[in-house]
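Engineer: Please work from the sequences and hints to get the whole structure.
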Amino acid sequence: MLSHFLILLLFFQAPQTATARAKALLEAGKLKEARAALAGADPAVPGNAYLLGLIDYRLHDYVPAARMLKAALPSLPEESPDYRETLRMIGQSEYQAGHMAPAIVWLEKARDAGAGGNEVLYMLGNSYLQARQLSKGRACFAAIFGVKPDSAAAHLYTAPMLMRQEFEDDAIRELEAALALDPKLPGAHFTLGEIAIYQAQIDRAIDQLHQEIAINPNFAMAYYRLGDAYTRRDDWAHAIPPLERAVWLDPTYSGPYILLGKSYLKTGDLTGAEAMLRRAVQLDPRNSSAHYLLGRVLIQSGRTEEGKKLLQKSQELKEGPGQ
Amino acid sequence: MGPLVLLFFQVSAQAAGIQSYREHRYADAVAQFTEALKTEAPGSAEYQESVLMMGESLYLEKKFAEAVPWFQKAAAGGKRALTAEFMLGSACLEAHQDDQALQAFSSLFQVKPDSAAAHSLTAEMMLREQQLPDAEREVRRALELDPHLPQAHYMLGLLALAHGDAARAAAEFQSEIQINPGFPMTFYRLAEAQAKLGDWDDAISSLERAIWLNPNQVGPYLLLGEAYLNRGSLSDAEGALRQVLAMDPGNARARDLLARTLQRAGQPQPPAK
Numbered sequence: 001m002l003s004h005f006l007i008l009l010l011f012f013q014a015p016q017t018a019t020a021r022a023k024a025l026l027e028a029g030k031l032k033e034a035r036a037a038l039a040g041a042d043p044a045v046p047g048n049a050y051l052l053g054l055i056d057y058r059l060h061d062y063v064p065a066a067r068m069l070k071a072a073l074p075s076l077p078e079e080s081p082d083y084r085e086t087l088r089m090i091g092q093s094e095y096q097a098g099h100m101a102p103a104i105v106w107l108e109k110a111r112d113a114g115a116g117g118n119e120v121l122y123m124l125g126n127s128y129l130q131a132r133q134l135s136k137g138r139a140c141f142a143a144i145f146g147v148k149p150d151s152a153a154a155h156l157y158t159a160p161m162l163m164r165q166e167f168e169d170d171a172i173r174e175l176e177a178a179l180a181l182d183p184k185l186p187g188a189h190f191t192l193g194e195i196a197i198y199q200a201q202i203d204r205a206i207d208q209l210h211q212e213i214a215i216n217p218n219f220a221m222a223y224y225r226l227g228d229a230y231t232r233r234d235d236w237a238h239a240i241p242p243l244e245r246a247v248w249l250d251p252t253y254s255g256p257y258i259l260l261g262k263s264y265l266k267t268g269d270l271t272g273a274e275a276m277l278r279r280a281v282q283l284d285p286r287n288s289s290a291h292y293l294l295g296r297v298l299i300q301s302g303r304t305e306e307g308k309k310l311l312q313k314s315q316e317l318k319e320g321p322g323q
Numbered sequence: 001m002g003p004l005v006l007l008f009f010q011v012s013a014q015a016a017g018i019q020s021y022r023e024h025r026y027a028d029a030v031a032q033f034t035e036a037l038k039t040e041a042p043g044s045a046e047y048q049e050s051v052l053m054m055g056e057s058l059y060l061e062k063k064f065a066e067a068v069p070w071f072q073k074a075a076a077g078g079k080r081a082l083t084a085e086f087m088l089g090s091a092c093l094e095a096h097q098d099d100q101a102l103q104a105f106s107s108l109f110q111v112k113p114d115s116a117a118a119h120s121l122t123a124e125m126m127l128r129e130q131q132l133p134d135a136e137r138e139v140r141r142a143l144e145l146d147p148h149l150p151q152a153h154y155m156l157g158l159l160a161l162a163h164g165d166a167a168r169a170a171a172e173f174q175s176e177i178q179i180n181p182g183f184p185m186t187f188y189r190l191a192e193a194q195a196k197l198g199d200w201d202d203a204i205s206s207l208e209r210a211i212w213l214n215p216n217q218v219g220p221y222l223l224l225g226e227a228y229l230n231r232g233s234l235s236d237a238e239g240a241l242r243q244v245l246a247m248d249p250g251n252a253r254a255r256d257l258l259a260r261t262l263q264r265a266g267q268p269q270p271p272a273k
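For the protein sequence lines, the chains are A and B, in the order given. The first sequence: position 91 = 91 (my numbering), numbered continuously. The second sequence: position 193 = 193 (my numbering), numbered continuously.
What the hints contain is simulated information worked out from the structure, not anything from laboratory work. Hints should not be assumed to be uniformly reliable.
Stated by the list, open to error - Ranges of calculated distance between the beta carbons of each label pair, as one might list FRET restraints:
#1 HIS210(A) <-> ASP114(B): 18 to 24 Å
#2 GLY266(B) <-> ASP112(A): 33 to 39 Å
#3 GLY77(B) <-> PRO149(A): 52 to 58 Å
#4 ARG25(B) <-> LEU181(A): 57 to 63 Å
Stated by the list, open to error - Calculated pairs, DSSO-like style, for lysine-lysine (alpha carbon to alpha carbon, straight line, at most 27 Å):
#5 LYS184(A) <-> LYS112(B)
#6 LYS136(A) <-> LYS109(A)
#7 LYS266(A) <-> LYS79(B)
Stated by the list, open to error - Some but not every residue of chain B turned toward chain A, in silico, with C-beta under 7 Å:
#8 LEU82
#9 PHE86
#10 ALA117
#11 SER120
#12 GLU124
#13 GLN151
#14 ASN180
#15 PRO181
#16 GLY182
#17 GLU208
#18 ALA265
Note that beta-carbon positions come from the ideal geometry of N, C-alpha and C, so glycine has one too.
Structural biologist: Here it is, written out as C-alpha cells:
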C-alpha cells in the first residue's frame with residue numbers, strides 16, 4: 001500500500017521537481033544541465049515551454065528557442081515584463097537564426113511593446129536592410145543615434161551597417177545622399193574612400209580620402225587609408241608621407257606601422273622598416289603580417305636566424321591556436 | 001688628405017656617431033656627428049643623415065633649443081625631410097617655441113599656418129606631449145577660426161577628462177557628436193565621462209553606439225563589461241569581457257573583471273594567464 005502511495009507521489013511530483021531543478025540550474029548558469037533536467041518534459045505544460053525556450057536562447061540554440069518561446073507566449077499576461085522580454089527573445093532568436101522575415105515581425109512587436117531599447121532597434125534596422133527596406137532601416141539607426149531619419153547623419157549611420165552586409169552600392173548611395181545634404185559632413189568621404197579601396201578603384205579612393213582630409217585634418221585613419229590606397233598600386237613613395245602622418249597623429253594603432261614597414265622595405269630602407277615593424281609587433285603581438293614582414297627584413301639584413309623564427313611565428317599566428 | 005682617406009674618415013666618424021646614438025650615448029654622438037659634418041659635402045645624403053641625427057641626439061639629450069636649427073636644416077631637403085619636420089615641431093614644443101612648432105606642423109600636414117587645421121593639428125601634438133593649457137589654447141583658436149572643425153570639441157573633451165571634469169567632458173563630446181556624428185571614439189569617450197559621473201545606463205548606451213559604428217576596438221567592450229558588472233548584469237558583463245579576451249587575449253584588466261563577474265555569478269573562474 002505504502003509502495004503504491006510512493007509511486008503515485010513520485011508520479012505527480014516528478015514534473016514539478018524537474019522544473020524546479022532546471023530553474024535552479026539555469027539560475028546557476030549551468031545551461032546544459034538545466035536542458036538535460038527538462039529532457040522529456042512536456043512543452044504543453046504551462047511554464048515548461050518558457051523554461052525550455054529560455055534555456056535554448058541562452059545556449060544560443062535559436063531555432064528551438066524561437067519555437068518554444070512562441071508556444072509559451074499565450075500563457076504570459078500581455079502587459080507583463082516577461083511578455084515583453086519574450087517578444088524580444090523571439091525576435092532576437094529569429095534574427096540570430098538568419099530568419100529575417102519573422103525577425104522583422106517579432107522585433108516590430110518587441111519595439112512597439114517598448115522592449116529591448118536600442119538593441120532591438122539595431123537588430124530590426126539590420127533586418128530591414130537585409131530585406132532591402134532601406135528607409136525603415138535608416139529610421140531605426142536614426143532612432144538609435146537620436147537624429148532625424150531624413151538627416152545627413154542618418155544616412156551616414158546607415159552606410160557602415162550596409163557595408164557590413166556587403167551592400168556596398170547601397171552604402172555609396174547613402175553616403176552620397178548624406179553629402180548632398182551636408183557637403184562638409186566628416187566621415188562620409190572617408191567611408192566612400194574605404195569602399196573604393198575595397199572595390200580596387202584606387203584613383204577614386206585617393207580622391208575621396210584627400211577630400212576627407214581637407215574637411216577633417218586631424219583624422220588619423222584618413223591618412224592611413226590614403227597610404228593604404230597608394231600601397232595597393234605599389235606606389236611606395238606616395239604611400240610613405242600619409243602613413244607617417246597617420247602614425248604621428250595616432251601612435252597607438254598598428255596598421256600604419258605595418259604598411260610603413262612594408263613601404264620602407266620596398267624602398268630599401270631596412271633600418272626604418274625594422275623600427276616600424278618592431279613597433280607594430282609590440283602594439284599587436286598576434287599580427288601575422290607584422291611578424292612575416294619583420295622576418296623578411298631581418299633575413300635581408302643578414303640576421304637569418306631571428307628572421308626565420310619570426311616567419312615561423314607568423315605561420316603559427318596565421319594558422320591560429322590549436323592547429 | 002687624399003680623397004680615399006677623406007672618404008674613410010667621413011664614414012668612420014658618421015658610423016661612430018650612429019653607433020653611439022644606438023647605444024644611447026648621445027653626448028658622444030653629438031661630438032662624432034660634429035666631426036663627420038666637417039668633412040661631408042653639404043647636400044650629400046651622408047650630410048643630410050648626419051644633420052638629422054645630430055638634431056635627434058641633441059633632442060634625446062633634452063637640448064631642445066639646440067636641436068631646433070639642426071632639424072630646420074634637415075627639413076629643408078633630403079630623404080627624411082618629413083621626419084625632420086615632425087622632429088622640428090616636437091623640439092619647438094619642448095623648447096616652448098610654439099609659433100615655430102605651429103609652422104612646422106602646418107608644413108608637415110600641408111595646411112596654411114593661419115588655418116584652423118594648423119591650430120588643431122598643433123593642439124593634437126601638444127596634447128600628446130601633455131602640454132594641456134597650450135593644447136587648450138590652440139583648440140580654442142582653431143574653433144574661433146572654424147566653429148565646425150571636426151575633432152576640436154573631442155580634444156576639449158579629452159582635456160576636460162584630463163582635468164577630472166567629467167561633466168564638462170560629456171558636454172564637449174556631445175558637441176562633437178553634433179558636428180562629427182560618425183566618429184566612434186567620441187561615443188567611447190563620452191561613455192568614459194558618463195561612467196565617471198556614475199551614469200552607467202547612459203554609458204552603456206554610448207558604448208553600444210561606439211561598438212555598432214566600429215566593432216573592432218577593444219576599449220568599448222572592456223568598459224561595457226565594467227558597466228554591466230557595475231549594474232549587476234552579470235551574463236552581459238561576461239559576454240562583453242569574453243569578447244575583449246577573444247580580441248586581445250593578454251588583456252589583464254578584462255581577465256580581472258571576468259574573474260570578478262564569474263565569482264559574483266557563482267561560476268568557476270577562468271584560468272589565469
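Engineer: Hints broken by the structure, by number, lowest first?
Structural biologist: none
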